[in-house]
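Chemist: Please work from the sequences and hints to get the whole structure.
Heads up: the sequence lines are chains A and B, in that order.
Position one of the first sequence corresponds to residue 0 (numbering that gives the first Met the number 0), numbered consecutively onward.
Position one of the second sequence corresponds to residue 0 (numbering that gives the first Met the number 0), numbered consecutively onward.
Keep in mind that the hints were calculated from the coordinates and are not lab data.
Glycine included, each C-beta is placed from N, C-alpha and C at the ideal position.
Be aware that a few hints might be false.
Claimed, not checked - Dumping the calculated SDA-like pairs for lysine to any residue here, alpha-carbon to alpha-carbon at most 25 Å:
hint: 1; chain 1: B; residue 1: LYS425; chain 2: A; residue 2: VAL267
hint: 2; chain 1: B; residue 1: LYS428; chain 2: A; residue 2: LEU135
hint: 3; chain 1: B; residue 1: LYS272; chain 2: B; residue 2: GLY31
Stated by the list, open to error - Here's a subset of chain B near chain A, in silico, CB distances under 8 Å, partners left out:
hint: 4; residue: ALA95
hint: 5; residue: GLY97
hint: 6; residue: TYR242
hint: 7; residue: ARG245
Stated by the list, open to error - Output of the computed footprint for chain B on chain A, the stretches with three or more beta carbons under 8 Å from beta carbons of chain B:
hint: 8; stretch: 31–42
hint: 9; stretch: 126–136
hint: 10; stretch: 227–238
hint: 11; stretch: 245–254
Listed here are the chains, written in short residue letters.
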Amino acid sequence: MSVYFPQKWLPYGLLLPQLLVTAVFFLWPAGQAVEQAFYQEDAFGLSRDFVGLDNFIALFQSAEYFAALGTTLVFSVSVAGLGLVLALLLAVMADRVLRAAMVYQTLLIWPYAVAPALAGVLWWVLFDPSIGPLALALQTLGVDWNHYLNGDQAMLLVVIAATWKQISYNFLFFLAGLQAIPRSLIEAAAIDGAGPAKRFFDIVLPLLSPTTFFLLVVNVVYAFFDTFAVIDATTQGGPGQSTTTMVYKVYKDGFVGLDLGSSAAQSVVLMVVVGLMTIIQFRYIERKVQY
Amino acid sequence: MGKFALVSLAVGLATSSSVMAATQIEWWHAMGGANGEKVDEIAATFNAAQDDYEVKPVFKGNYTETMTSAIAAFRAKQQPALVQVFEVGTASMMAAEGAIYPVYQLMQDTDQAFDQDDYLSAVTGYYTDNNGNMLSLPFNSSTPVLYYNKEQFEQAGVSVPRTWQELGDVAQTLVENGVECGFTTAWQSWIQLENFSARHDLPFASKANGFAGLDTELQFNSPAQVAHIEQMRAWQQDGVFSYGGRRSDSASKFYSQECAMHMESSAGYAGVKRNADFDFGVAQLPYNDELIDTPQNTIIGGASLWVLQGKSEAEYEAVAAFLSFLSQADVQADWHQFSGYLPITEAAYELTAEQGFYEANPGTDVAVKQMTAVTPTEHSKGLRLGNFVQIRDIINEELEAVWAGDKTAQVALDAAVERGNALLRKFEKAND
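Modeler: The following block contains the structure:
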């Protein structure tokens, strides 16, 4: 069904506020970042030199930058994958709870209300090698937990902290998706003799695919951009560079190091990477989604 | 009755007009918590003491956030008159000649009484130009010292180490007596490389640690520093030393009595006092007596106050008056005793001693003595390196590879020097 507006300007007028917000808060700063990426300047903006592609060339010649790219991939895949699987598991279980369902659901949504930096500090305390209860428990089990020195453990820590925050969000959407699946379909399958596992994989999961796809996109974007605070509060990118993701490096070089040119170039690369990934997701994965 | 009303009206008008006329200046700072409240108190005292000027302190987050927002504000021409910048931001501030108003110049231009000799040169040296002129006013400065657990020392029957050799033996004995680790350190780059170099009068970087030019190169991969880091690597492997994180996260190892010694900022005193439920002592940072007979002073950390360009004459008069107020012995002594930061004037130190503070709080004067025992040399005056925040991160990364056993000290320090030099060249290019 199509809607026709009598005046030509009305639809544009209605869109205008949103477009303005996009222009002011996204297009304009993004444009500035692109411009900045071609300059080198001192922090105070007193002198400014056009350097062409120097900032990009320096980036792609540095082993550290590729290390950050690799770290980002490992981190994002882990956070998005773990977040989706665990949230789905919890949603399926919460969906089957008959008594006090609201209590469970509310408790599961809670972590989302925790500020990322607080979530980081929380896990940082729990896993502190000297005083953290979880670290001490691991040590009694014979695991030598010290994320200040062990890069893999540090990665595990930031993945746990970042995932924990995101599970609530995913859980909410999965639960809504599950509740939207008509009971009749599942009951019909049950009558036809399909067991719980078969019902889940052949009926529930395909019907959840639009939700899953949406969450996949959101989670990847989350892991790429929104996890800065978690990393800053727990590991500050260390030990070595084992938890320095691309967005953390943008912050470190730009805000801490005041190297605006390189930081801007990194943001541009990040924009391109996320743009490409979103296109890939929509072109190749969305085909498998059944609406 | 009518006459009285008239008089009080006149007085009221006079007071309100003088309030209107008070020149307001903003002071952006990074002091949270108790120190932040103290900062507000200092400003309030200043405001109450006179009618001409009003200082408004504004808390802007941590050091990095405060500096970044001041820079962003400067670019948008909304800068505060006064901003607190941490010591590693010094080179960036100095290089921005059009953005800063050197403190010595400000004091001259506004005819404030200002004698640089009143200040402790070991503290102000970090913030002076090559002619010894103070560019910014040190506000909160600290220096690393050694905290030790007196109870564990007694049980193991060891005394406080003076040199690194003694520290190694003491730590070994402690471990043999059942202490989990001998010592740990906070801020590894600052304490184990920057201050290690200064204490032994070794260059951390060429060109007088960067004071004499932007074309400075890092030199902390020379044999003495390499040997020190290599020794620490061996100690880490034996459990004599235990690495506890980049900032002051290592403190928890000391508080929980896992480690018997902790090298940490003198400003950490209040934290140790609050968190350690055991008897502790404070000692000077150890030195290697094979490298130097009389150790040099250590260098400072912390922050100083910078005046920014682009304000009116009246505002600068207000800033100058406030900086003079901050330098007063009673204000300084109060701040020093409250926060644990170093006093910046000789008079404040003497006043604090007179008041009996050091006797009542043993260990609080260790840092001052360590700083002022000798005249600073060009290697112990401080560091002036561009992009230093990032260079410290590089050093952190490379040292972590050493503690983890992935790299030898030589390989790691060579790599840190090479990567750091690239950043120095970049800074030179952007600021020449």
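Chemist: The structure should be examined with respect to each hint, and the outcome stated for every one.
Modeler: Against the structure, the hints:
1. LYS425/B x VAL267/A: With Cα atoms ~20 Å apart, LYS425/B and VAL267/A stay inside 25 Å; holds.
2. LYS428/B x LEU135/A: Not satisfied, since the Cα-Cα distance of roughly 49 Å exceeds 25 Å.
3. LYS272/B x GLY31/B: holds (19 Å)
4. ALA95: holds (4 Å)
5. GLY97: holds (5 Å)
6. TYR242: Result: holds, 6 Å to nearest chain A Cβ.
7. ARG245: holds (6 Å)
8. 31–42: holds (count 4)
9. 126–136: holds (count 4)
10. 227–238: holds (count 4)
11. 245–254: holds (count 3)
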